[in-house]
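**Q** This is what each chain is made of:
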Amino acid sequence: MATHAFPLEPRAEDANNRSMDAYLRYGPALLRKACRMVGNSADAEDVVQAVFIELVQRGRREADLPYLFRAVTTRCLNLLRDAGNRRRLLERQEPALRGPVRTRCDDEVIVIDLMVKLVDCLDRDAAEVLVYRYFDDLTQDEIASLQGVSRKTVGARLARVRQAVASLGGGMSGEVS
Amino acid sequence: MSVHLCTGEPLSWLRLERYRLGELSGPERDAVAAHLDACPACAACLAMANQKITLAPLPEPPSLVSRIRRGLVGQSPAGAGLRVAFALAALALLVLPGGKSKQGARLASRAGLGIKGGDLTIALVRERNGIVEHGASTFAPEDRWKVLVTCPTEQVLFWDLAVVEDEHVTFPLLPSSPIACGNHVPLPGAFRLAADRLVEVCLVGNGDPVDRGALSTMDAKSLTSGATCTTVQPAQQDPGHLP
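Protein chains in written order, with numbering that gives the first Met the number 0: chain A, 0 to 176; chain B, 0 to 242.
Watch out, some of these pointers could steer you wrong.
[Stated by the list, open to error] Computed list of lysine to any residue pairs in SDA-like fashion (alpha-carbon distance at most 25 Å, straight line): (1) 151(A) <-> 141(A); (2) 51(B) <-> 65(A); (3) 51(B) <-> 66(A); (4) 51(B) <-> 151(A); (5) 151(A) <-> 166(A); (6) 51(B) <-> 94(A); (7) 51(B) <-> 143(A); (8) 51(B) <-> 166(A); (9) 51(B) <-> 70(A); (10) 151(A) <-> 27(B); (11) 51(B) <-> 93(A); (12) 51(B) <-> 23(A); (13) 220(B) <-> 181(B); (14) 51(B) <-> 91(A); (15) 116(A) <-> 85(A); (16) 51(B) <-> 134(A); (17) 220(B) <-> 194(B); (18) 51(B) <-> 24(A); (19) 51(B) <-> 69(A); (20) 116(A) <-> 39(A); (21) 51(B) <-> 124(A); (22) 51(B) <-> 20(A); (23) 51(B) <-> 41(A); (24) 151(A) <-> 8(B); (25) 151(A) <-> 112(A); (26) 51(B) <-> 92(A); (27) 220(B) <-> 208(B); (28) 51(B) <-> 63(A); (29) 151(A) <-> 7(B); (30) 51(B) <-> 62(A); (31) 151(A) <-> 39(A).
The hints are simulated quantities; they were obtained by calculation from the structure and are not laboratory data.
Just chain A, same shape as in the assembly (with noise of 0.2 Å):
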């Protein structure tokens, strides 16, 4: 009898080697996209890392900064929702992780306690456009073509989550400068 070992994916030493190139590039990047919204640098390292372990796994070899920018976003999201993470996420915020933030004179400015709250009352898409609007300051065209849809789609999403923030008592205004 003979038995053979063979590779299943033969090009997967290539596709790590593309994987960890954009590790190194974008690493950074997506590290702070995802302090902005978990709020603590531990968690979201390990965010950041799921996406590119997943990456190799699946093998896929080009990967730019906006999808792995969306990438990110939906994980951080999934964090969010479970309630088993929220304590944890809430009580290890470090604010400083957020950066500055900027306001549009008609902007609320949404603490992560209060995103937390949205996702739950949000559809999925529209808890992406809140993400991208209040913590990414995407623009409107932007999350359109992030998330492939148009315009006016981004618009009534966007209205949902204005409506949804008006509801749960509105954003925090913060310390202009």
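Given the coordinates of chain A, work out where chain B should sit on it, guided by the hints.
**A** Coordinates of chain B only, in the frame set by chain A:
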């Protein structure tokens, strides 16, 4: 938390990050630069983005193993994320159909590492002509096989895979890292079977590294008695094919 008023439409963090990475086109880059010159709020964000961050090394399976051993998995979202990654890996590798899982493994004996007898099982996955079947029991030379292991979560399994035909033992998979236990965790690699009689596919699992050299010196009976095995037979011996 300090709040800054932007002079216009704030530059998104995505755009700022792409700007500092040099990924924006000429006109877009110029527009960002002009905004930054005029807007202290966005300039402060760019300054933050320019702060050096030292990335932790991207963990590989052995790192995962050490995390599990330290009891970290299950307490942090990383554990959850990594487990998800492994589950996704299984899906990505196997593209399992929606068919029901078959408990194809015959448990020959218990493995080490405190895993109780019935807690360690294996199941074979066969790919034949692009069709993946879970729990298949017959093989043809062109089939590709993978092994799924189920063992208690938060355990680490050092392993080797042996194929036994009568007294002949071979090891079809390359030596690899230990795996983090779970349900239907795929062993790295795949193999073919070519034989004219029934063979046993046996997982030798342990809490400590498995020494293939030592296994090679064991007779087949001893090896199978300390392993978790399942049997498969050549397609021509499939009862459905017998005259």
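**Q** For a quick check of understanding: which of the numbered hints are violated here, in increasing order?
**A** Numbers 4, 7, 8, 13, 21, 25 and 31, in rising order.
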